[in-house]
Amino acid sequence: MKRYVIIGNGTAAAGCIEGIRSADAEGSITVISAENYPVYCRPLISYYLEKKTDLRRMHYRADSFYADNHADVRYGIQATGIDAAAKEIMLDNGGKLPYDALCVCTGSAPFIPPMQGLETVQNKFPFMTIDDALALEKAVTPESRVLIIGAGLIGLKCAEGLHGRVQQITVCDLAPRVLSSILDDKCAAMMQKHLEANGIRFLLGTSAQSFSGNSAVMQNGETVDFDVLVLAVGVRANTAIVKNAGGSVGRGILVDDACRTNLPDVYAAGDCTEYHDISSDSVKVMALMPNAYMQGHTAGVNMAGGAALFDNAIPMNSIGFFGLHCHTAGSQPEGCEMYEEADDSHIKRLFVRDGRLVGFMLIGHMHRTGIYTALIRNRTPLSEVDFARLKIEPQLAALSAEYRDHVLKGAV
Amino acid sequence: MKRIYVKEQWCLGCHLCEYNCAFANSGMTDMVKALRGKQIYPRIQVETGADGVTYAVSCRHCTDPLCVKSCIAGALSKKDGVIEIDHEKCVGCLTCVLVCPYGAVIEDGSGVAQKCELCMKNSCGAPACVKGCPNGAIVYEERGEAK
Numbered sequence: 002m003k004r005y006v007i008i009g010n011g012t013a014a015a016g017c018i019e020g021i022r023s024a025d026a027e028g029s030i031t032v033i034s035a036e037n038y039p040v041y042c043r044p045l046i047s048y049y050l051e052k053k054t055d056l057r058r059m060h061y062r063a064d065s066f067y068a069d070n071h072a073d074v075r076y077g078i079q080a081t082g083i084d085a086a087a088k089e090i091m092l093d094n095g096g097k098l099p100y101d102a103l104c105v106c107t108g109s110a111p112f113i114p115p116m117q118g119l120e121t122v123q124n125k126f127p128f129m130t131i132d133d134a135l136a137l138e139k140a141v142t143p144e145s146r147v148l149i150i151g152a153g154l155i156g157l158k159c160a161e162g163l164h165g166r167v168q169q170i171t172v173c174d175l176a177p178r179v180l181s182s183i184l185d186d187k188c189a190a191m192m193q194k195h196l197e198a199n200g201i202r203f204l205l206g207t208s209a210q211s212f213s214g215n216s217a218v219m220q221n222g223e224t225v226d227f228d229v230l231v232l233a234v235g236v237r238a239n240t241a242i243v244k245n246a247g248g249s250v251g252r253g254i255l256v257d258d259a260c261r262t263n264l265p266d267v268y269a270a271g272d273c274t275e276y277h278d279i280s281s282d283s284v285k286v287m288a289l290m291p292n293a294y295m296q297g298h299t300a301g302v303n304m305a306g307g308a309a310l311f312d313n314a315i316p317m318n319s320i321g322f323f324g325l326h327c328h329t330a331g332s333q334p335e336g337c338e339m340y341e342e343a344d345d346s347h348i349k350r351l352f353v354r355d356g357r358l359v360g361f362m363l364i365g366h367m368h369r370t371g372i373y374t375a376l377i378r379n380r381t382p383l384s385e386v387d388f389a390r391l392k393i394e395p396q397l398a399a400l401s402a403e404y405r406d407h408v409l410k411g412a413v
Numbered sequence: 013m014k015r016i017y018v019k020e021q022w023c024l025g026c027h028l029c030e031y032n033c034a035f036a037n038s039g040m041t042d043m044v045k046a047l048r049g050k051q052i053y054p055r056i057q058v059e060t061g062a063d064g065v066t067y068a069v070s071c072r073h074c075t076d077p078l079c080v081k082s083c084i085a086g087a088l089s090k091k092d093g094v095i096e097i098d099h100e101k102c103v104g105c106l107t108c109v110l111v112c113p114y115g116a117v118i119e120d121g122s123g124v125a126q127k128c129e130l131c132m133k134n135s136c137g138a139p140a141c142v143k144g145c146p147n148g149a150i151v152y153e154e155r156g157e158a159k
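Line by line, the protein sequences give chains A and B. Quick note: the first sequence uses our numbering, first residue 2, plus one each step. Quick note: the second sequence uses our numbering, first residue 13, plus one each step.
Just so you know, the hints here were simulated from the structure itself, not pulled from any lab data. One or more of the hints may lead you astray.
Stated by the list, open to error - Simulated DEER-style distance windows between Cβ atoms:
(1) Lys-159/B to Asp-101/A: 27 to 33 Å
(2) Tyr-38/A to Asp-63/B: 25 to 31 Å
(3) Ala-63/A to Thr-41/B: 31 to 37 Å
(4) Ala-136/A to Lys-143/B: 49 to 55 Å
(5) Glu-138/A to Gly-49/B: 37 to 43 Å
(6) Arg-390/A to Gln-51/B: 19 to 25 Å
(7) Glu-153/B to Ala-68/A: 35 to 41 Å
(8) Thr-41/B to Gly-165/A: 36 to 42 Å
Beta carbons: idealized from backbone N, C-alpha and C, even for Gly.
Isolated chain B, as found in the complex:
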């Protein structure tokens, strides 16, 4: 399946992907109104290595998802390879945050969990972080499955 991958040699460390992510999942149509003066809780996180290299981390939609296996509310599931959260069922226990080995499940600021769902459930339709990356450092492509 297609997943999000990063090309760290192209990453500028500009954090625009974080803002595009927060906007895409805000449900609003105006980016300024959606984000201005607000603390954002993006589902993608830009990291900086000790060597100064930067890259963005988001859900790997992994083969053996510990978040799905660990969810105490049965709110996380894998459908056609995409790991998604049923926000109706999530009670905000944050067990998924405790078990995700990549730190890709994030508390949303109101106490419940959220994660990258590849912009499948918002109006963007394709990953906003990829579309908005000014230097092509985030790609959405097929690279096979884990063995």
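Next up, chain A with everything else stripped away, as it sits in the complex:
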């Protein structure tokens, strides 16, 4: 009977459990969970603050998930090391755990750059976990002035979550635009305008230089007084455990299309990894929940002796604020051609390179956009489709008749 060990208990770990069980009903699965919760939906913590969900509904899987999959979860324990030669992991309670196949799903942690006087701030929170959200919820009152450092996905979702629960929200970012990792200037400007119309104040192109108690001095000289500080500058992949064991690590733990690290029988999945983005043909950290699941599932199948590949990964994000939605996927390489459609309430930008769709940004109108995403993931030559029609609206009718028949006339 094979012994499977999973370090971490997030989405990638859940995918790994389901992947293992799709190929092996017998082997033992042990999950090392630092957090004292069954797997939950991390990105939903802002929806929790917004009261669009609650702790029970945030569970990623049914209550019987671990029992159904015969997985033994050890809560409140951290793995401290991997002995790849002896094929065992070390635990912070002094114990050791042998494995035949290991999956590292350690996720990421908030990155907090050194800022002068940060230690003098009493009410400061990262925004990553349920515990962060619960602590933040406790700290705010209807009179609170909140300063959020970071106008990325985490900072802005936090702003939306807190809206209506506090008096004032200011978001600052060193980047000159909001959501700088996924939007270009024009798209970001539309989203910023919408956020401002909903009462969020921005200080862009500047960040906090120093803190003194409840006051921040910005790099541009402005002073911002606040009651609660949220640190959402960015995240770093938790790679140390693999690095210390001699594994290949860049900005994340390097994994191939089978989700293998370079250590024998050690796999990795989720936000802790870096892997191949086919849209830009480069290796990068793509800390995205869908990819985390797909990597975890791929790793699980392979750990159990199957043959699975996750070989069409791309960055993709679906995110909305105050009713304005945005879909992005792939990349926007230098020198690509762009097709654009825009008015006051929506933008569509499609990026084409070497006869293939490699990326898009859409704001406002989200209808059947997965057809575009599939063109990127499948690397479909645009010569095989009616791109003039696709530009206007995603539709199967603009794809080849063979593909349409394949999709609509038999099981796929």
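Starting from the structure of chain A, add chain B where the hints point.
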């Protein structure tokens, strides 16, 4: 399992399936009251090809459902082959709309996702689009599984 398939040579392009779908999922008993003067958000979409041919597209209940794998709320699942949404858990992030390669998950007009559940969860009991198609262009039958 039985799935919905289209016979495009019989499709009239009348869009009645879209109305039957919207009505079946409205929870109401009177079609006129349910649909009159309202923008509908059907879970089946009639497309028109460049050659003028028309056909309806709905969830394929596929073998490797990207929507289920991608759902950030754990709200999508596959039960006995049918892919369904737990509307209690859905927060309306629309990641499923972003990943469905067939464009078969649709925003419902109020910001959350919806898709064809083969009328298993409404009072219709069998796909309303199939039952109501005037020319037999939509069928509900067994055609085996994908390899």
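Failing hints, ascending? The structure conflicts with hint 2 only, although it agrees with all the remaining ones.
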